[in-house]
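Can you build the whole structure from these sequences, using the hints too?
Protein chains: 2
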Amino acid sequence: MSAKPARRVKANPLRDLPLAKVYQTIEPGPVVLLATAEGGRANVMAMSWHMMVDFEPPLIACIVSEGDYSFAALCATRECVIAIPAVEIAETVVKIGNSSGRDIDKFAAFDLTKIKAKRVSAPLVGECFVNLECKVKDTTLVDKYGLFILEVVKAWQDPKQRHARTIHHHGYGRFVVDGERITLKSRMR
Amino acid sequence: MSAKPARRVKANPLRDLPLAKVYQTIEPGPVVLLATAEGGRANVMAMSWHMMVDFEPPLIACIVSEGDYSFAALCATRECVIAIPAVEIAETVVKIGNSSGRDIDKFAAFDLTKIKAKRVSAPLVGECFVNLECKVKDTTLVDKYGLFILEVVKAWQDPKQRHARTIHHHGYGRFVVDGERITLKSRMR
Chain Y
115 MSAKPARRVK ANPLRDLPLA KVYQTIEPGP VVLLATAEGG RANVMAMSWH MMVDFEPPLI
175 ACIVSEGDYS FAALCATREC VIAIPAVEIA ETVVKIGNSS GRDIDKFAAF DLTKIKAKRV
235 SAPLVGECFV NLECKVKDTT LVDKYGLFIL EVVKAWQDPK QRHARTIHHH GYGRFVVDGE
295 RITLKSRMR
Chain V
115 MSAKPARRVK ANPLRDLPLA KVYQTIEPGP VVLLATAEGG RANVMAMSWH MMVDFEPPLI
175 ACIVSEGDYS FAALCATREC VIAIPAVEIA ETVVKIGNSS GRDIDKFAAF DLTKIKAKRV
235 SAPLVGECFV NLECKVKDTT LVDKYGLFIL EVVKAWQDPK QRHARTIHHH GYGRFVVDGE
295 RITLKSRMR
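Protein chains in written order, with our numbering: chain Y, 115 to 303; chain V, 115 to 303.
Among these hints, one or two may not hold up.
Where chains are identical, the list cannot tell them apart; a pair therefore holds if satisfied intra-copy or between any two copies.
As the list claims (entries may be wrong) - Below, a list of computed lysine-lysine pairs in the BS3-like style, where the Cα atoms sit at most 30 Å apart:
#, residue 1, residue 2
1, K268, K258
2, K124, K258
3, K209, K299
4, K135, K124
5, K230, K258
6, K258, K209
7, K230, K209
Since the hints were made in silico from the structure, they are not lab data.
Here you go:
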């Protein structure tokens with residue numbers, strides 16, 4: 115596994131995503147990436163166990179277990195970025211899931227673009243169509259279940275990736291890609 | 115709103131779903147139904163805020179707020195059923211989400227089939243392709259966030275609804291339906 119040179123941190127080409135709309139990106143249950151940075155070293159993992167907890171400020175719960183290499187960085191820095199990848203980079207997402215930050219620099223190995231975040235030390239992932247800067251808000255259930263509650267403090271969307279189709283994990287590398295869009299008369303927010 | 119007579123409780127035509135496979139049904143983030151029963155009165159709500167917490171026994175976290183009519187029944191009985199609907203009944207799902215058990219008997223009003231569960235008092239929803247019988251395991255974060263941790267104690271699948279396509283909520287009645295299936299070489303469970 116030859117380590118490629120890490121790409122430079124890129125200027126931010128992303129656009130504001132209003133915090134009140136964040137839930138619309140997490141609620142559908144896409145596979146996401148979780149980026150952390152500790153001591154100047156960034157890492158990223160793939161994650162499907164997450165849910166919305168509140169609309170605004172947006173609160174997100176997620177499971178990061180002690181066995182995940184990202185666990186220590188998330189506990190120490192109490193910051194992370196949740197980045198949402200579209201189907202076009204599904205193979206990279208799986209590579210991220212198959213490897214550990216213990217062994218490699220995943221940003222370098224998978225040629226991911228780091229973009230400097232505004233409110234947290236973890237980097238935004240340039241290839242993702244949504245990036246959510248998060249602070250750890252509640253660790254009550256971390257010891258028991260690895261359950262973190264995060265507050266989204268700043269959100270970004272990529273104007274070049276409108277109508278991005280996400281992927282949804284069904285176990286063992288089987289994914290379902292977003293299909294048809296339908297609209298029904300709902301009073302639900 | 116004229117109340118139709120409630121349909122009889124139907125014999126169970128469903129098949130066992132192994133507990134170890136339950137996560138594959140929740141992880142992709144579908145809209146689900148949450149059925150409860152208190153004092154012989156069943157109710158059902160639509161829910162998108164849920165996630166897996168552990169593989170086996172399967173633990174699921176979900177948000178049911180104090181404003182939801184189901185909240186009281188869930189707290190009192192500490193039991194529920196999570197039922198997963200396919201796109202064919204999306205309109206019914208939205209009607210369930212648009213109404214409250216305070217005002218109507220939703221099982222009767224929307225002609226839903228109650229099937230007697232094995233381990234909990236809440237009914238299975240006959241129209242759904244997966245039904246998960248759950249007991250409330252942890253209420254530590256209920257007061258703060260409405261966050262319940264449920265343990266799935268028995269799971270069912272409908273053999274007549276293989277390859278069911280689920281719906282994923284993007285806010286305000288906009289849904290994305292499951293599309294293409296892809297398989298990538300993953301070491302992830």
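Evaluated hints:
1. Proximity of K268 and K258 under a CA criterion of 30 Å is satisfied in both settings, with 28 Å inside one chain copy and 23 Å between copies.
2. Taking the shortest Cα distances, K124 and K258 never come within 30 Å of each other, neither inside one copy (38 Å) nor across copies (39 Å).
3. When the C-alpha separation of K209 and K299 is checked against a cutoff of 30 Å, the pair qualifies only between copies, where the shortest distance is 9 Å, while the shortest distance within a copy is 40 Å.
4. Taking the shortest Cα distances, K135 and K124 sit within 30 Å of each other inside one copy (25 Å), while across copies they are farther apart (41 Å).
5. In this homomeric assembly, K230 and K258 never come within 30 Å of each other (Cα to Cα): the closest approach is 33 Å inside a single copy and 33 Å across copies.
6. When the C-alpha separation of K258 and K209 is checked against a cutoff of 30 Å, the pair qualifies only within one copy, where the shortest distance is 29 Å, while the shortest distance between copies is 37 Å.
7. In this assembly of identical chains, the alpha carbons of K230 and K209 lie at most 30 Å apart only when taken from the same copy (23 Å versus 44 Å across copies).
Of the hints listed earlier, those the structure fails to meet are numbers 2, 5, in rising order.
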